[in-house]
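S.K.: Residue strings, one per chain:
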Amino acid sequence: MSFVLTEDQEMLRETATAFARDELSVNHLRALRDAGANGKDPRTRQKLAELGFFGVIIPDEPGAETFGLTGLGQILEAQGRTLAATPLLQTALIAATALQLGGSPAQQAEWLSKIAGGETTFALALDESAHFAPYSVATEAERNGQGYTLNGLKKYVPDAHHADMLIVVARTFGESGDRHGLSLFLVPRDAKGVTIAELKTVDSHGAAHVTLENVMVPEDALVGPADQGADILDPVLDRAAIGLAAEMLGSAQAAFDITLEYLNNRKQFGQLIGSFQAMQHRAAKMFIDLEMTRSCVGAALAAADAGKSDVAELASLAKARAGELVHLVSNECVQMHGGIGMTDAADPGFYMKRARVQEALYGSASWHRDRYARLNGF
Amino acid sequence: MAYDNAEQLEGFRLEARKWLEANCPPSMRTPMVDDEVVWGGRNATFKNPDSKVWLDRMGEKGWTAPEWPKEYGGGGLSRSEARVLEQEMRRIKARPPLFSFGLWMFGPALLEFGNHEQKLRFIPDIVKGKTRWCQGYSEPGAGSDLAGLQTRCEDKGDHYLINGQKVWTSYADKADWIFCLVRTDTSTKHEGISFILFDMKSPGVEARPIQLISGESPFCETFFTDVKVPKDQLVGRLNGGWDIAKRLLQFERSSISAGGFGGTGGSGILGPDDYAKHHVGTDETGRVADGDLRGRIADHKMYVKAFSLTVQRQTEQAKAGQAVGHTASILKYAAAKMNQDRHELLIEALGTEGLGWSGEGFDKGALKATRQWLRSKGNSIEGGTSEINLNVIAKRVLGLKEHQ
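Line by line, the protein sequences give chains A and B. Position in the first sequence (from 1) plus 31 gives the number in the numbering used here. Position in the second sequence (from 1) plus 1 gives the number in the numbering used here.
Everything labelled a hint here was simulated from the structure, so no lab data went into it. Errors might be hidden in some of the hints.
Said to hold, decoys possible - Coverage of chain A stretches by chain B, computed from C-beta distances (three or more under 8 Å per stretch; other residues unrestricted): (1) 289 to 299; (2) 326 to 334.
Stated by the list, open to error - Incomplete in silico selection of chain B near chain A, CB under 10 Å: (3) GLY272; (4) MET303; (5) TYR334; (6) VAL398.
Everything numeric in this text was worked out from a predicted model, so none of it was measured. We put the beta carbon where it would ideally sit given N, CA and C, even for glycine.
The whole structure should be built from the sequences, with the hints applied where relevant.
M.R.: Here you go:
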C-alpha cells in the first residue's frame with residue numbers, strides 16, 4: 032500500500048500539523064517579517080531540532096528504518112499549511128539526500144548526524160539565472176594543488192542568508208548547459224571569498240545571491256565523483272521537487288480551507304456568499320483539483336521511498352500539478368475574500384505571494400510539463 | 002472473508018488461474034472488438050460464438066459479479082479475492098464477458114433495497130446475462146431536476162397502472178426489463194417517487210431510438226400508455242424511491258468513471274501524442290513540433306495520470322477503512338473532463354484527417370475518433386451533468402449552504 036501512511040508516519044503528521052498550527056502560524060511569519068527577520072528564525076530551528084524533524088530521513092544507525100521521504104513530506108505539507116519558513120527542505124531533504132547519495136563515508140559520518148541534530152543547516156547553491164535550469168552552470172571549479180578554486184555567481188539561493196554550509200554546484204568540465212562536467216562542493220558560509228547578499232523576497236522567507244570569488248576548498252569538499260555531479264543532482268532535485276510539491280499541497284489546502292470558511296460566513300444580499308452557485312462551482316472544482324494533486328504527491332513520495340524507476344516522471348507530475356493548484360487556489364482565495372483579500376492584515380495575500388516562490392523553485396509547472404512530455408516520448 | 006492471510010489468497014490465485022486457463026476461449030483473450038461486446042438478454046446475438054461460451058461459463062461460476070452473494074448466483078468472493086480474480090483476468094488479457102446496466106447499476110441497488118424474493122427472481126439472470134435492463138430515469142421535463150419527474154403510477158388495487166414518458170433511455174429498444182422511477186404522490190416532490198420494475202414487453206410500452214450528433218442511436222424515447230405492473234415489482238417502500246434512485250446514481254457515476262466512458266482500450270484509436278507526432282511532426286529531438294499543442298497534450302496526460310492515481314488512492318484508503326467521502330461525484334466530473342479533453346486533442350492532432358464521416362479515404366481509427374469525439378460531448382451530461390456533480394460536491398462534501 033503506497034497511499035496509506037504507517038502508524039508512525041501518521042503520528043509524525045499529527046505532531047507536525049499541531050506544531051505548525053500552534054507555533055508557526057501565518058501570524059508568526061507576519062511578525063517575523065515586521066521585525067525584519069527575513070525568514071531567519073533561530074528559535075524555530077531549535078524547536079524543529081528538539082522534535083527531531085531534521086533527521087526524518089536519516090537512520091539512527093546504518094540500515095535502520097526511517098520515516099522516509101513520505102514522513103518528511105507530511106512535515107513539509109504541515110509547514111506549507113502555515114507558510115512557515117524553516118530550513119527543512121534545504122537541510123533535512125536536499126542536503127541529507129545529496130550526502131546519502133554522494134557523500135563519502137567520512138562526509139556522511141561528519142555531516143548526517145549534524146543535520147539530524149539540527150546543528151548544521153545547508154543551502155543548495157545551484158541556479159545562476161532567473162529560471163530553473165539545472166545544467167546551466169557556469170560557476171567554475173578549477174583544480175589547484177590542494178583542492179579546487181571556485182568562481183561564480185549563484186542567484187536566489189533559498190536559505191543561503193542563514194545556512195551554515197553551502198552545497199555549490201560548479202563546473203569542472205565542459206560548458207554551461209552540459210550535463211557532464213558538474214561537481215558538488217561543500218563550502219562553509221564563512222569561507223574566504225564567499226559573499227552572501229541577502230535578498231528581501233515577496234514571500235518574506237528571504238533568500239540570497241551568493242558570489243564565489245577565488246574560494247579555495249580542499250579535495251574532500253567534493254561530494255561524489257568529479258564531473259559526474261549530475262548523477263547525484265538529478266535524483267536530489269526530483270526529491271526536492273516532490274518535497275516542495277508536498278509543501279505546496281499544504282499551502283493550497285490551507286488557502287482553500289480559509290476560503291471555504293469565509294464563504295460560509297460572509298453575507299451579501301442577505302445571503303451567505305457560499306450559497307451562490309458562482310462560488311460553489313469554483314469551490315467544488317478547486318476541491319477536485321486538490322484531491323487529484325494529493326494523489327500525485329502521495330504517489331511521488333511513495334515512489335521515491337520505494338526507489339521506483341518512475342520517480343522523475345512522478346516528481347514532474349506532482350510539481351506541475353501542485354504549481355497550477357496553488358496558483359489557482361491562492362488567487363481564488365484573494366478574489367473570494369473581496370476587498371479583505373487585498374489587505375495585508377488578512378492571510379490570502381501571503382498564500383499568493385509564497386505560491387509564486389514555490390512555483391519558481393525546482394522547476395515551474397511549464398518546465399515540468401516539458402519534461403513529462405519528454406519522459407513520455409513526445 | 003474466507004481468505005484472511007496471504008497464503009490462502011495465493012491459493013485462490015492459483016485456483017482462479019487454473020480455471021481461467023481452462024475456461025477462457027483463446028479468442029476471448031484478444032482486445033475487445035466493438036461489435037463483439039456482449040450485452041446479454043433475451044435477444045442477445047453473439048457475432049463470435051466464443052463470446053457465448055465465455056459468458057455462460059463465467060455466469061455459471063458467478064464471476065460476472067464476483068462479489069455478489071452466492072445465494073443469488075454471484076461469485077461470493079471477498080474484496081481481496083475479487084481483486085485477485087481481476088488481476089488474473091488482466092494477466093491473460095481476458096475480455097469482460099458481459100457489459101450490463103444490471104451488473105453496474107441496478108443489481109447493486111437491488112441487493113441493497115430489494116426484498117429476498119425480488120433478489121432471487123432478478124439477480125441470478127443479471128449474473129448470467131439472461132436479462133438486459135434499461136434505466137427509466139430522465140423525462141422530457143426532468144433532466145438535471147430529476148425529482149421533477151411526472152410519469153404517473155396509480156394504485157389500481159391488484160396492480161399499478163403507469164402512464165408517461167421517459168427519455169434518454171439507453172438501449173430501451175434492446176432491453177428486456179426496465180427499472181423505472183415513477184410518481185406515486187403528486188402532492189410532494191422527492192417523497193412522492195417510487196422505484197418499480199417491469200417487462201418491456203408489457204402492453205403499452207413503446208421505445209423509439211433517437212439519432213444523435215454522432216450518427217448513432219443508443220438512446221430512446223420511451224412511452225408508457227396504461228402499462229399494468231404487478232404489485233410485487235415495486236422495490237422498497239411506496240414513495241420511498243428517491244433514496245434508491247440516488248444510491249443507484251452513485252453506482253452509475255462510479256461505473257462511468259471506472260470505465261472511462263468506454264470506447265478506450267483496444268479500440269484502434271491511438272493517443273493524442275501519437276497522432277500529433279504523426280500528423281504534426283517532430284523536431285530534431287523527437288518533440289512534437291507544435292509546442293503549444295505539445296504542452297496541452299502533456300497537461301492532459303498528467304490529468305489522466307492524476308485521475309488514475311486518485312482512483313487507486315481512494316481504493317487503498319477505503320480498503321484501509323479510511324473515510325473517502327463523496328468520491329463518485331468527484332470522479333464522474335473528472336472523468337468527463339478527461340475524456341472530452343482527450344477527444345478534443347485527438348481531433349486537433351488529426352487535423353483534416355479527423356474530419357471524415359464515413360467511407361474510404363480516412364483511416365479507420367480516425368473515423369472512429371471523430372464519432373467518439375461527438376459521443377464524448379454527452380459525458381458531461383449523462384449520469385448527472387457536471388454542474389449537478391459540482392452542486393453535490395459543494396453541498397454534501399464542502400458543506401456550502403443553500404440560499405435562505
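S.K.: If any of the earlier hints don't hold here, list their numbers in rising order.
M.R.: The structure conflicts with no hint, since it agrees with every one listed earlier.
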